[in-house]
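Residue-level listing of the chains:
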Amino acid sequence: MNFDIALLLAQDGITNGAIYALMALALVLAFAVTRVIFIPQGEFVAYGALTLVALQAGKLPGTIWLLLVAGALVVVAEAAAALRTKNWRRFGRVLLTNLGYPLALWALLRVLPLGEWPMALQVLFTLAIVVPLGPMIYRLAYEPLAEAPVLILLIVSVAVHVVLVGLGLLVFGAEGSRTPPFTEGTISLGALTASAQSLWVIGCSLALIVVLYLFFERTIYGKALRATAVNRRGAKLMGIPTEFAGRLSFFLCALIGALSGILIAPITTIYYDTGFLIGLKGFVAAIIGGLASYPIAAAGAVLVGLLEAYSSFWASAYKEVIVFTLIIPVLLWRSLRTHHVEEDE
Amino acid sequence: MKGRVPSSWLIAAFLAALALGPWLLPEFWITLANYIGLYALVALGLVLLTGVGGLTSFGQAAFVGLGAYTTAVLTTLTDLPPWLAWIGASPWLALLAGFAVTLLVAATLGSLTLRLSGHYLPLGTIAWGISLSFLFGTSQLLGGHTGLTGIAPIRVFGWTLDSGRAIYVLIWIFLLAGVFTTRNLLDSREGRAIRALKGGMVMAESMGVNTSASRMVAFVLAALMACASGWLYAHMQRFVNPTPFSLHMGIEYLFMAVIGGAGHVWGALLGAAVITISKTWLQDVLPQIVGQAGNFEVIVFGVLMIVILQRAPDGLWPVLVRWFHWLPVRSARRVIPSEVPPLARRALPGAGTTLLEVSGATKRFGGLVAVNDMQLAVRAGEIVALIGPNGAGKSTMFNLISGVLDATAGSFRFRAQDVGGHSSRDIAKMGLSRTFQHVRLMPQMTVLDNVAIGAHRREYPGLLPGVFGGAWRLDRRQESRLLAEAARQIERVGLADHMFDAAGSLPLGKQRILEIARALASDLCLLLLDEPAAGLRYLEKRALADLLRKLRSEGLAIMLVEHDMDFVMGLVDRVTVMDFGQRIAEGRPEDVQRDPRVLEAYLGGVDEADAAAEPAR
Chain A
1 MNFDIALLLA
11 QDGITNGAIY
21 ALMALALVLA
31 FAVTRVIFIP
41 QGEFVAYGAL
51 TLVALQAGKL
61 PGTIWLLLVA
71 GALVVVAEAA
81 AALRTKNWRR
91 FGRVLLTNLG
101 YPLALWALLR
111 VLPLGEWPMA
121 LQVLFTLAIV
131 VPLGPMIYRL
141 AYEPLAEAPV
151 LILLIVSVAV
161 HVVLVGLGLL
171 VFGAEGSRTP
181 PFTEGTISLG
191 ALTASAQSLW
201 VIGCSLALIV
211 VLYLFFERTI
221 YGKALRATAV
231 NRRGAKLMGI
241 PTEFAGRLSF
251 FLCALIGALS
261 GILIAPITTI
271 YYDTGFLIGL
281 KGFVAAIIGG
291 LASYPIAAAG
301 AVLVGLLEAY
311 SSFWASAYKE
321 VIVFTLIIPV
331 LLWRSLRTHH
341 VEEDE
Chain B
1001 MKGRVPSSWL
1011 IAAFLAALAL
1021 GPWLLPEFWI
1031 TLANYIGLYA
1041 LVALGLVLLT
1051 GVGGLTSFGQ
1061 AAFVGLGAYT
1071 TAVLTTLTDL
1081 PPWLAWIGAS
1091 PWLALLAGFA
1101 VTLLVAATLG
1111 SLTLRLSGHY
1121 LPLGTIAWGI
1131 SLSFLFGTSQ
1141 LLGGHTGLTG
1151 IAPIRVFGWT
1161 LDSGRAIYVL
1171 IWIFLLAGVF
1181 TTRNLLDSRE
1191 GRAIRALKGG
1201 MVMAESMGVN
1211 TSASRMVAFV
1221 LAALMACASG
1231 WLYAHMQRFV
1241 NPTPFSLHMG
1251 IEYLFMAVIG
1261 GAGHVWGALL
1271 GAAVITISKT
1281 WLQDVLPQIV
1291 GQAGNFEVIV
1301 FGVLMIVILQ
1311 RAPDGLWPVL
1321 VRWFHWLPVR
1331 SARRVIPSEV
1341 PPLARRALPG
1351 AGTTLLEVSG
1361 ATKRFGGLVA
1371 VNDMQLAVRA
1381 GEIVALIGPN
1391 GAGKSTMFNL
1401 ISGVLDATAG
1411 SFRFRAQDVG
1421 GHSSRDIAKM
1431 GLSRTFQHVR
1441 LMPQMTVLDN
1451 VAIGAHRREY
1461 PGLLPGVFGG
1471 AWRLDRRQES
1481 RLLAEAARQI
1491 ERVGLADHMF
1501 DAAGSLPLGK
1511 QRILEIARAL
1521 ASDLCLLLLD
1531 EPAAGLRYLE
1541 KRALADLLRK
1551 LRSEGLAIML
1561 VEHDMDFVMG
1571 LVDRVTVMDF
1581 GQRIAEGRPE
1591 DVQRDPRVLE
1601 AYLGGVDEAD
1611 AAAEPAR
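Residue numbers (my numbering), protein chains in the order written: chain A, 1 to 345; chain B, 1001 to 1617.
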């Protein structure tokens, strides 16, 4: 390996690492606020990327059907709950957001010539379709089990993952796709030549991390999420409902996932099931941070990206094995540091 | 139970149906029954791990693969080094080799994750599942994605199992052996420890159970069952490739266990049957409905999983038992043998010997100092009360003494040994037992089983003898002595009428008494009681006081935290008073009651007229 190749691999590693960092942040966020180990995080990457692909091709993306169905199911679930509690006060809003919004979006997608519009607008519509799926999934799969042990929530996560991958195959088909880069060309930084898209990925990831930081530090909603993460019951007593915190954090997870998909779609071919491995590598990073620390998770993600890039050069067949084996020393280190038996929540 | 068919009949009918299978069933159903048996064996391991032990694994398919590939490599490859080649002579030797490899991998994976929170094991198994299936797919030695072919059939006593009908018998013998040993194990000393893992880890450790080891036992056994299933699979199919050992299959195994009913050994069989049969059907039907090829049945299974977890979290088996009232339910009742020699008891130290000596004990939680420079001592044959207003740090003090929490500073000596920083398990082994302020017991288990956990370390045979003895019923003599001891303690505290009731069904006061029986079942010399009289009625309190006096006269040392001053003052020899984490007074009850600092702590200053009457409550 010469210096140029080493630099190239480093660039690759950092680019992918940036995406893994976003995954890891979302996973830590979901776990801290809801105790859900959000295995399906990666699916939003594939959904985001493939929805954008469909929009650019001038086709109606299959995810809009998922949004319509999920919305309808939420309405059914809320109607059942309202019937039980005889409280229909909020039902109008439920109808509007879960049925009205998807239908309006569907109508817009039918009439607007999105395929010819600028990319920024296509991205906006992609997010408008994919991101609401996050809170809807929380409402349908997790909310009825909000008080269940972590283990049960984890099994639900795996079930949700399986369902989303199956649905992904159903609506997108088995073929992989790429999107054109945000901007063409390369940029020279001294000895390093970086593709513009890599810089987009790194730049957008950093920007997103800053925005998230500001959200958590400066806004009342961000502080509400942090409060819930520290003490769920306490937060509830202070007027932050668990359901609200859960839906908001899943909204953020879906947003982060879909954006990540849009960012890397020009770099790698995305298939309906690509997201899973991307999400899992985010997991390796999140575990490095003990599923608790955002900065360590982000640093771990860059490490995962670099390890993956260099092992793809030295032993490409064993790339995945090497990356996932990284958790062994991490677990060993964590294991040696724990002394006391604690009850699982 | 009225109207229920005795379980022995039902099992006999089930076995007869199984035995007739090969003569009656068409080939298609034989194949299906073989797969159900193979899958149920893996799901059974998950019942032990997930439903009983409260842990889970998505990597069981990888262990199946380990069993399958080990036998495939050893029995088909011709260029093995001599030190390996001899194992390939018989599939049975290869099975043992597979067990050895699985044991090694599972023990490694377990030792990395089992001390951590419960969710690290499943995450670790996901990574392990993915890594191994990538390895299967890329390794040239293992034939890459095409796999290995030409695996010989198994021979038993000169009989070659080369057809589906022939191996059917072996598969179901393996499964029934698995069910039998699992049920036996769960009904033994180590089985109770495994059953306590789900939500009772702190309690179990305080009773001397090594919860990491119990977790490891459950995980390794589950892995070994998966490995056996893989071995059978390889010799049934006569070839192996990586596909059936992927993470997806690992997830499906978990679905089987959860859908069938992860808390019940028969749930594994039910889940495997439901998933296998409906999968065959869905794979025909779904592609026609959606108009394209693909594994769409996973969508159905995933949705089914979510619905089941939300609506019937214990799976289909309990639902089935509820629907069909004639299905047998295992009775919790059993005969307690009375004519067995009692368990050995350690010699109690002579009255007046100092058992516990604490000085300078300090515990900080972040900025909060819960216990500050505390000292106290307890001698054999006396009852000491630790009292103080709410939040004074009494329960924290108990947790420090019993090793549930680590002290920030201070010296802890128990039976003349320094126990600072020792685990609660080690301290329990030395003869300290306790109850908890917030009752910690296994609500689903009977009172008898709960108390028997307390006797976990009595005449302890060691982990492996305990597991094998339990699984193969070699422990019955010891087990009956252990249960007799538990029953004796239950009678002693006056809960004999509730012996076979689920512990969670008792009122809170009796649950506290149950905890005392559990503590007494251990071979103890120092007993810590955290608010034992809370929730008791007057007569029950008097009975408790009598019991404690009797224990004292036997030479036991007792320390209790209690708010009921009438109860305390008439009973104890000495009182230590805590406030704001510090000792403010110590002495005989009548002296302490007059101590102005104590009065101030309780009444908030003598001159405050509206003071709460806490001590007189």
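It is worth saying that the hints were derived from the structure and are not from the lab.
In this text, all values refer to a predicted model and were calculated from it rather than measured experimentally.
Glycine is no exception: its CB is placed at the ideal position from the N, C-alpha and C atoms.
One or more hints might be untrue.
Derived SDA-like pairs: lysine to any residue, alpha-carbon spacing no greater than 25 angstroms straight-line [unchecked claim]: (1) Lys236(A) to Gln1310(B); (2) Lys319(A) to His1248(B); (3) Lys59(A) to Phe1134(B); (4) Lys59(A) to Tyr1538(B); (5) Lys319(A) to Phe1134(B).
Far from chain B, some chain A residues (derived; all Cβ distances over 12 angstroms) [unchecked claim]: (6) Arg35; (7) Ala120; (8) Leu140; (9) Leu169; (10) Ala227; (11) Asp273; (12) Ala315; (13) Ser335; (14) Leu336.
Original post:
Are the Cα positions of Lys59(A) and Tyr1538(B) separated by 25 angstroms at most?
Top reply: violated, 78 angstroms
Original post:
Against chain B, does Asp273(A) keep a CB gap of more than 12 angstroms to every residue?
Top reply: Violated, since 10 angstroms does not exceed 12 angstroms.
Original post:
Do the alpha carbons of Lys319(A) and His1248(B) lie within 25 angstroms of each other, as the hint requires?
Top reply: Given that 25 angstroms is the threshold and the Cα spacing comes to 20 angstroms, the pair holds.
**OP:** Could you let me know if the closest chain B CB is still more than 12 angstroms away from the CB of Ser335(A)?
**Re:** Label violated. Min Cβ-Cβ 5 angstroms, cutoff 12 angstroms.
Subject >> Least C-beta distance between Leu140(A) and chain B, which was stated to exceed 12 angstroms >> reply: violated, 8 angstroms
**OP:** Confirm or reject the statement that Ala315(A) sits farther than 12 angstroms, beta carbon to beta carbon, from all of chain B.
**Re:** Per Cβ check, Ala315(A) is inside 12 angstroms of chain B; nearest 10 angstroms; violated.
Original post:
Should the label of Ala227(A) as a non-interface residue stand, given a Cβ cut-off of 12 angstroms to chain B?
Top reply: The claim stands: Ala227(A) keeps its Cβ more than 12 angstroms from every Cβ of chain B (closest is about 17 angstroms).
Original post:
Between Lys319(A) and Phe1134(B), does the CA-CA distance stay at or below 25 angstroms?
Top reply: Holds, at roughly 9 angstroms.
**OP:** For the pair supplied as a hint, Lys59(A) and Phe1134(B), confirm whether the alpha-carbon distance does not exceed 25 angstroms.
**Re:** violated, 35 angstroms
Subject >> Interface-negative label, Leu336(A) against chain B, beta-carbon threshold 12 angstroms >> reply: violated, 9 angstroms
Original post:
Looking at Ala120(A) again, its CB stays over 12 angstroms from all of chain B?
Top reply: Ala120(A) clear of chain B: closest Cβ-Cβ about 33 angstroms, beyond 12 angstroms.
Subject >> Check on Arg35(A) being off the interface with chain B, judged by Cβ distance over 12 angstroms >> reply: The claim breaks: Arg35(A) does not keep its Cβ more than 12 angstroms from every Cβ of chain B (closest is about 9 angstroms).
Going through the hint list in order, the structure does not satisfy hints 3, 4, 6, 8, 9, 11, 12, 13 and 14.
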